[in-house]
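Protein chains: 2
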Amino acid sequence: MAAKRESGSGGGSILQFAPFQSSVDEGFWHRLSSLKLNKLGIDESPIPITGFYAPCSHLQVSNHLSLLTESLPSDSDEQSSTAEISRGSRNKCTVPGTLYNSNTLESFYTIDKQSLLKQEAKKIWEDIHSGKAVEDSTVLSRFLVISFADLKKWSFHYWFAFPALVLDPPATVVDLKPASLWFSSQEAESVSAACSDWRNSSLTADVPYFLLTIAPNSRATIRHLKDWEACEGDGQKLLFGFYDPCHLQNHPGWPLRNFLALILTRWKLKSVLFLCYRENRGFTDLGLSLVGEALITVPQGWGDHQCVPNTVGWELNKGRKVPRCISLAKSMDPTRLAISAADLNLKLMRWRQLPSLNLDILSSRKCLLLGAGTLGCQVARMLMAWGVRKITLLDNGRVAMSNPLRQSLYTLDDCLNGGDFKAMAAVKSLERIFPAVAAEGVVMAIPMPGHPVPCQEEDSVLDDCRRLTDLILSHDVIFLLTDTRESRWLPTLLCANTNKITITAALGFDSFLVMRHGPGPFSITHDVKTEAVNGLSADMDNLGLNNRDGGQRLGCYFCNDVVAPTDSTANRTLDQQCTVTRPGLAPIASALAVELFVGVLHHPKG
Amino acid sequence: MAAKRESGSGGGSILQFAPFQSSVDEGFWHRLSSLKLNKLGIDESPIPITGFYAPCSHLQVSNHLSLLTESLPSDSDEQSSTAEISRGSRNKCTVPGTLYNSNTLESFYTIDKQSLLKQEAKKIWEDIHSGKAVEDSTVLSRFLVISFADLKKWSFHYWFAFPALVLDPPATVVDLKPASLWFSSQEAESVSAACSDWRNSSLTADVPYFLLTIAPNSRATIRHLKDWEACEGDGQKLLFGFYDPCHLQNHPGWPLRNFLALILTRWKLKSVLFLCYRENRGFTDLGLSLVGEALITVPQGWGDHQCVPNTVGWELNKGRKVPRCISLAKSMDPTRLAISAADLNLKLMRWRQLPSLNLDILSSRKCLLLGAGTLGCQVARMLMAWGVRKITLLDNGRVAMSNPLRQSLYTLDDCLNGGDFKAMAAVKSLERIFPAVAAEGVVMAIPMPGHPVPCQEEDSVLDDCRRLTDLILSHDVIFLLTDTRESRWLPTLLCANTNKITITAALGFDSFLVMRHGPGPFSITHDVKTEAVNGLSADMDNLGLNNRDGGQRLGCYFCNDVVAPTDSTANRTLDQQCTVTRPGLAPIASALAVELFVGVLHHPKG
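Order-wise, the sequence lines are chains V and U.
Here the first sequence is numbered in UniProt numbering, starting from 1 and rising by one per residue.
Here the second sequence is numbered in UniProt numbering, starting from 1 and rising by one per residue.
Note that these hints are calculated values from the structure, not bench results.
Hints may be right or wrong, so weigh each one.
Intra- or inter-copy, both count: the list cannot distinguish identical chains.
As the list claims (entries may be wrong) - Here are the simulated lysine-lysine pairs, BS3-like style, with alpha carbons at most 27 Å apart:
| # | residue 1 | residue 2 |
| --- | --- | --- |
| 1 | Lys152 | Lys132 |
| 2 | Lys113 | Lys428 |
| 3 | Lys428 | Lys152 |
| 4 | Lys321 | Lys366 |
| 5 | Lys330 | Lys428 |
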């Protein structure tokens with residue numbers, strides 16, 4: 001080992017630096033996805049981000065510059081972009097960075113990387129000249145990332161750059177050896193103690209550049225860069241220290257590059273003693289840390305601070321100049337993937353086509369679908385596609401052999417052995433399509449005028465009335481999708497009385513009706529849940545032509561009807577029953593019913 | 001046994017008859033369903049049917065009057081209503097009957113049964129008076145059935161009546177004993193031989209009423225009823241024989257009732273010797289057969305043949321006057337049930353709403369769907385609902401997490417492990433919905449202008465062009481349902497060149513296009529398959545503005561376009577890709593595309 005160190009620290013050879021290595025936590029990509037989808041949309045402006053690194057803390061492994069969840073601003077509007085980042089953690093020195101996230105893979109590949117790097121280097125250059133880098137040395141490690149987030153595939157293309165100002169001629173190394181060999185044992189002890197203090201104070205723990213002075217009595221002191229004038233020329237040994245993420249024994253890490261540029265520019269030194277500060281298992285390790293002496297020369301044109309020096313720093317990917325790509329799809333839980341995929345289609349609408357789309361309104365609304373047949377299946381599917389997550393389906397029928405071809409939630413399996421209850425089979429099917437849906441099935445008949453009730457069934461019919469009332473009260477929007485006129489009667493009354501948004505869809509052979517009942521375009525100010533609804537004698541005093549707010553009530557399915565609802569199924573031939581419709585009608589009517597629902601929720605007057 | 005027989009055959013007691021029993025083969029109900037659905041529609045006219053019975057052939061079991069598949073006319077128009085029934089089978093004596101199949105369960109229950117019975121009895125009465133019953137004695141056993149066929153549930157409600165003219169006062173029985181006891185052994189031998197001859201001749205085997213004479217020398221002869229005059233008064237013993245389905249030893253079977261009415265009306269006899277002819281295992285069994293003597297008196301008003309006597313004969317169901325019901329759903333193969341259920345919805349349309357609907361056209365057309373995404377899934381489902389059975393889906397993509405919510409043939413399961421190929425997953429899904437579909441999946445990319453082809457892929461792209469050409473040639477209708485403009489380009493050209501009906505559907509964010517390309521409204525007279533299509537150099541000489549028949553060609557998706565198709569996916573942000581559409585659009589566009597297809601196929605000009 002000693003021989004190796006000697007060979008690496010030969011006087012006069014060019015000083016070479018171990019590049020920074022990047023690492024990105026999955027949380028960063030998740031937050032980026034969310035930010036892009038929910039807030040940024042097509043905005044491609046650079047995003048300020050924060051990287052984290054720490055001194056090397058392992059004999060064999062360099063530390064990385066890491067992007068974590070908190071590297072990005074949250075997508076909720078309440079928080080400021082950096083509020084979350086707590087300073088002072090010894091293992092998370094913050095570094096300012098810039099993220100250029102492209103809208104397309106093509107622009108990711110064709111972006112002018114050299115110009116972006118120059119732009120970032122210019123900031124460093126200016127911070128050096130302005131003295132800002134002396135005040136807040138983290139800006140010396142400023143970095144940038146270009147990326148393309150493929151939100152559909154959950155794959156992320158990215159490329160880091162750690163801009164380093166190039167010294168020309170390059171620095172040469174006079175001496176480079178483990179700090180433990182460079183210091184006397186007394187000095188070493190004092191240096192260790194000083195470093196520990198620096199690292200253990202929350203005020204200084206994450207300040208990665210510092211000055212180390214050693215008095216003739218071997219006493220070591222660490223100070224901020226801004227204290228340079230105070231130390232200079234006082235006869236003490238002065239070392240420029242920095243947190244070195246690199247573990248290599250022959251090379252200092254990347255942060256030294258811009259540090260040398262600062263020293264050269266600011267203090268015009270020609271010979272620099274530097275300390276690559278490294279730790280092992282959380283403790284200062286002077287055997288791993290390096291001390292070296294570099295000779296530096298002011299490059300030509302260096303004096304003109306308008307002229308940014310050449311810069312290097314694009315990270316290599318296994319030695320090649322290509323970007324990296326990570327796919328998170330495989331490591332994600334399928335249900336979570338499904339949720340995010342479902343949201344994706346909707347949130348993308350908000351980027352350009354429909355910025356006013358309010359997905360929260362949709363996802364929080366509880367929809368009650370009366371009927372789980374041709375219309376009910378389609379409406380449920382389309383509600384889910386629009387982001388509705390709370391769906392209750394009510395039906396008392398079982399899946400029959402003729403259903404699956406038109407009732408899009410069922411398959412032949414649901415018809416076997418007499419058929420499953422539609423309400424239950426529909427819920428299972430919705431969950432197979434989208435596991436995060438909160439769907440419920442209710443197997444129940446809707447009490448209907450004109451259908452005689454035998455004496456012994458009276459109680460259960462009254463029960464059904466109460467259950468239906470409760471269901472309507474506990475939902476926000478009711479869809480009437482049954483196959484007879486009379487089954488819409490009681491729900492229509494109950495919905496009107498409770499001022500619920502009600503949408504009816506009904507099919508003929510080659511005609512259909514889609515309409516909205518219920519409250520007119522006014523805000524519902526009274527809480528319907530507080531109304532007394534006691535069994536069948538519930539007061540129906542909300543059923544006047546005007547609602548309580550004085551607004552005019554909307555009409556309903558029965559408004560233009562002169563015939564009272566009766567049993568419409570009795571004495572009907574098979575072809576007069578509802579399933580005889582052109583197959584194309586139900587999808588059209590269902591789609592219009594759902595689009596109407598979405599429209600109503602988004603209209604300023606509701 | 002002997003004692004019992006004595007008690008049953010006491011002189012002077014009222015002669016009681018064992019009622020006919022009905023049995024209906026499942027095949028009868030299947031044919032009735034088919035007839036009703038495909039041919040009769042809402043026509044409720046009485047249907048002539050044929051029942052079958054045979055002499056009792058078992059010691060402990062009576063024979064039934066059976067309805068078999070061939071009891072009903074076939075629903076194909078080529079065959080006459082009775083062509084299938086071959087006369088002369090000894091085990092299938094035909095009996096004319098009438099079926100009254102109601103359109104609704106209510107009318108089944110409220111039908112005027114007494115009047116129907118009277119109507120049938122009147123036919124028997126008239127046949128007796130006209131002498132037709134002597135010529136063709138089967139009309140004496142004329143029967144009727146009322147029924148309601150619930151084609152949705154595969155359940156059948158029915159009720160048989162075997163009209164019997166009531167003698168008032170009733171016939172009394174003087175003697176009733178096994179024929180073997182009644183005949184001398186010599187007579188018995190000759191009777192057996194005569195019966196065997198009668199039953200073994202195809203001319204007489206199914207003639208259920210006959211005359212049996214026994215000469216003084218014990219020689220037995222069997223003759224047709226019309227030969228009565230020849231036998232009468234020749235001093236021989238004369239017995240009126242009939243095939244008796246009943247096995248009871250104390251009662252003759254039902255056919256004797258109208259036989260006695262005939263004898264009384266026609267030949268005015270007051271004392272009748274009758275032979276209840278029965279067999280055992282196919283052979284005449286005089287021990288099982290009965291001979292009896294009945295005394296009959298002409299009832300009042302019997303002479304007026306305008307006045308039909310009272311009639312009885314509705315079959316009891318386990319002793320009660322209620323109809324029978326059979327459900328075939330459980331015994332049927334699910335796939336077969338699914339097929340018939342699928343057909344049902346469509347065939348019911350033809351009853352009243354759309355009599356011109358040609359289901360054969362639809363079921364025989366081969367449809368090629370280019371694209372198995374949102375549009376492809378919906379179009380495939382709706383084609384199946386319209387009765388299309390041959391569907392090929394082409395797609396080169398895999399099911400992604402965001403697909404199931406909008407692409408109605410997929411579930412989350414199809415997305416796992418990278419996702420199944422859409423074309424294959426769609427086929428599986430179609431089969432789960434309707435197992436009899438002939439669906440095929442083709443995983444293949446459509447060659448597109450503007451998408452550069454690397455050198456090494458040229459051959460496979462040329463292959464794809466050839467495959468696509470072959471697919472289009474081997475289908476009748478092509479749906480263009482892909483998500484880019486350029487992927488419609490080559491199919492549009494190939495469809496135009498091969499004069500295929502082509503329907504395109506395309507989605508915007510809140511707009512869509514559904515249109516028909518291809519041949520104009522003219523008949524395609526040349527066989528496109530005979531055209532030389534050799535690889536990519538296929539002659540495209542059909543692409544003029546006018547087609548070969550001089551008719552004007554229809555426009556296409558690209559007709560109003562001034563921009564050549566290019567790669568429209570490159571450099572598009574996520575929200576500019578196709579999935580960003582209002583969820584309601586795809587069902588509407590797909591439905592219109594399919595309805596357009598159905599409309600085109602049914603238009604007289606095609």
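Hints and how they fare:
1. Neither within a single protomer nor between protomers do Lys152 and Lys132 lie at most 27 Å apart by alpha-carbon distance, with minima of 42 Å and 83 Å respectively.
2. With identical chains, the CA atoms of Lys113 and Lys428 are never at most 27 Å apart, being 51 Å at best within one copy and 48 Å at best between copies.
3. Proximity of Lys428 and Lys152 under a CA criterion of 27 Å is satisfied in both settings, with 26 Å inside one chain copy and 25 Å between copies.
4. Taking the closest pair of Cα atoms, Lys321 and Lys366 never come within 27 Å of each other, the shortest separation being 53 Å inside a single copy and 52 Å across copies.
5. Taking CA atoms no more than 27 Å apart as the test, Lys330 paired with Lys428 passes in both settings, with 25 Å inside one copy and 24 Å between copies.
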